[in-house]
Structures are given as C-alpha cells and as structure tokens.
Amino acid sequence: MTTKKFLYVNRKAPYGTIYALESLEVVLIGAAFEQDVSVAFLDDGVFQLTKGQDTGGIGVKNFSPTFRALGDYDVTKLYVERESLEERGLTEADLQEVTYEDEDDDWAEKPSIRIISRAEMADVMADQDVVLSF
Amino acid sequence: MDYTVNGETIAADEEGYITNLGDWSQDLAGVIAEAEDITMDDERWEVVNFLRDYYDEYQIAPAVRVLIKALKKTMGPEKGNNKYMYELFPYGPAKQACKIAGLPKPTGCV
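Listed in order, the protein sequences are those of chains A and B.
Count along the first sequence from 1, then add 7; that gives the number in our numbering.
Count along the second sequence from 1, then add 3; that gives the number in our numbering.
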C-alpha cells in the first residue's frame, strides 16, 4: 500500500459545534491506516490547542488533553497559522505543549506544534494528497 | 445490562460498558470481569490500571496498537505484544480490558 499525505484542517472553535471533536476522532481512527498525517489549525481552530481549557460551565467533556496523545498515534505534525493566532491576540505561549517521542532519535521528546505563516500554510496544503476540512 | 456491586445497581449499556465513568470501583471491575469470564490477577490489573491512567491523562482509551507499544516500552517486549495481551483478554484488550477499567469503548473500535 502506498502512503498518502493526509491533512486535516481545523477552522472552528473547540466547543459550540461538533466539528473539532469529530475531526480529532477521525484523525485517531485514520491513524490506524499508517498514512502520513498532518493536522492544521487556522482561523478559530487555533483555540482548540489553547491551554487551561475548562468546560465545567457548559457541561461537555474537555477533550483538549487528547491532542497530547496524538504522538502515540504517530501524528507528529500540528501546523498552527501565526496570523490566525495574532488576529486573536494569542501567542505560542497560550498553546498547550504537545510533544512526540522520535523513534529514530533514541525516543527523544520533540515538539509537535509548528507555528507557520499563512504563506507556508498554503505550501503545506499544496503538498498534500488528501485535504479534509472541519 | 446493569451490574450489581455490594447491593448497588450500576448502569451499563447493552454491550456492558458502564454509563457513568465515576461509578467505577475495584469491586465493580471484579464483577465486570466475572461477567466476561475473566479472573483478575496481577497481570490483568497491570493492564487495567495502565488504561485508567492513560484515560486520566489523555481523556481517551488508547487503540490496541498504542496500548501494546506503550506496554512494550514500560514493561518490556515479553508483555508488550499481541499474543500476551490476547492471552489475558481473549476477546480483545480494547474491548474487554477497557470495559473492566470502566472506560468507554476505544475510538475506532467496532
């Protein structure tokens, strides 16, 4: 089986709609097929990775810790668009830390989140075989 | 399919996964295991406890592949393999061990 490059694009806030959670579930399920998976966060989608989320007031599960499990599923490329962060008054420091262990580098822990510009995001998208938008 | 533990009724869905994750106790785990025809021992508790810790940290039950990879790393290759896992939980570690651990069915597990 040839490996394809899959990109999951997240543009919506984590709560209020089901898109963010559904996207994450699809990523986890799709990881079983051993494809080359990347995940992108832009527009309000950048809020999905913010740290210190507390859903106690709205009665839904806080699934943000699950992003930290993606490394176990060999999903190690989380692209976050810098302009989207800036437009919302956010910086990299507002995002939770997500790491993966690099099997080819003696299990060294490395960051999964990569902040890239809008132009670089366009290149990432152009480079994919399959792009799925949520 | 509900369970009865120490005179208390614990709600579960038609497949036997408990409805309210907060209802879980070690006694309940024993009752669920019995319903699955499994006798809990140290080795099985090791897996169940691992699953509970994983859920606590990441809010998901790991896929079998992820579970085995993690056990291989923490407990060595003699435990971190498919054969060992299916000896402990013949109907699948995801299905049975997660059920006993009081977790939801793993995402993507049919």
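These are computed hints drawn from the structure, not numbers from a lab.
Any given hint could turn out to be false.
Said to hold, decoys possible - A partial selection of chain A residues facing chain B, derived with a Cβ cut-off under 7 angstroms: (1) T24; (2) G66; (3) F70; (4) G78.
Stated by the list, open to error - Derived pair list, reagent style DMTMM-like, types lysine to aspartate or glutamate, alpha-carbon separation capped at 20 angstroms: (5) K72/B to E127/A; (6) K19/A to E90/A; (7) K76/B to D81/A; (8) K68/A to D5/B; (9) K108/B to E29/A; (10) K72/B to E90/A; (11) K76/B to E110/A; (12) K72/B to D51/A; (13) K108/B to E32/A.
What the hints assert, rightly or not - Label-pair ranges, simulated between beta-carbon atoms: (14) A129/A to E17/B: 28 to 38 angstroms; (15) D26/B to I65/A: 16 to 26 angstroms; (16) T7/B to I122/A: 29 to 39 angstroms; (17) D5/B to V138/A: 40 to 50 angstroms.
Predicted model only: the values in this text are computed from it and were never measured.
Just so you know, even glycine gets a beta-carbon here, dropped at the ideal spot from N, CA and C.
How the hints compare with the structure:
no., hint, verdict
1, T24, "19 angstroms, violated"
2, G66, "14 angstroms, violated"
3, F70, "6 angstroms, holds"
4, G78, "10 angstroms, violated"
5, K72/B to E127/A, "33 angstroms, violated"
6, K19/A to E90/A, "15 angstroms, holds"
7, K76/B to D81/A, "15 angstroms, holds"
8, K68/A to D5/B, "24 angstroms, violated"
9, K108/B to E29/A, "16 angstroms, holds"
10, K72/B to E90/A, "37 angstroms, violated"
11, K76/B to E110/A, "11 angstroms, holds"
12, K72/B to D51/A, "34 angstroms, violated"
13, K108/B to E32/A, "13 angstroms, holds"
14, A129/A to E17/B: 28 to 38 angstroms, "48 angstroms, violated"
15, D26/B to I65/A: 16 to 26 angstroms, "23 angstroms, holds"
16, T7/B to I122/A: 29 to 39 angstroms, "53 angstroms, violated"
17, D5/B to V138/A: 40 to 50 angstroms, "45 angstroms, holds"
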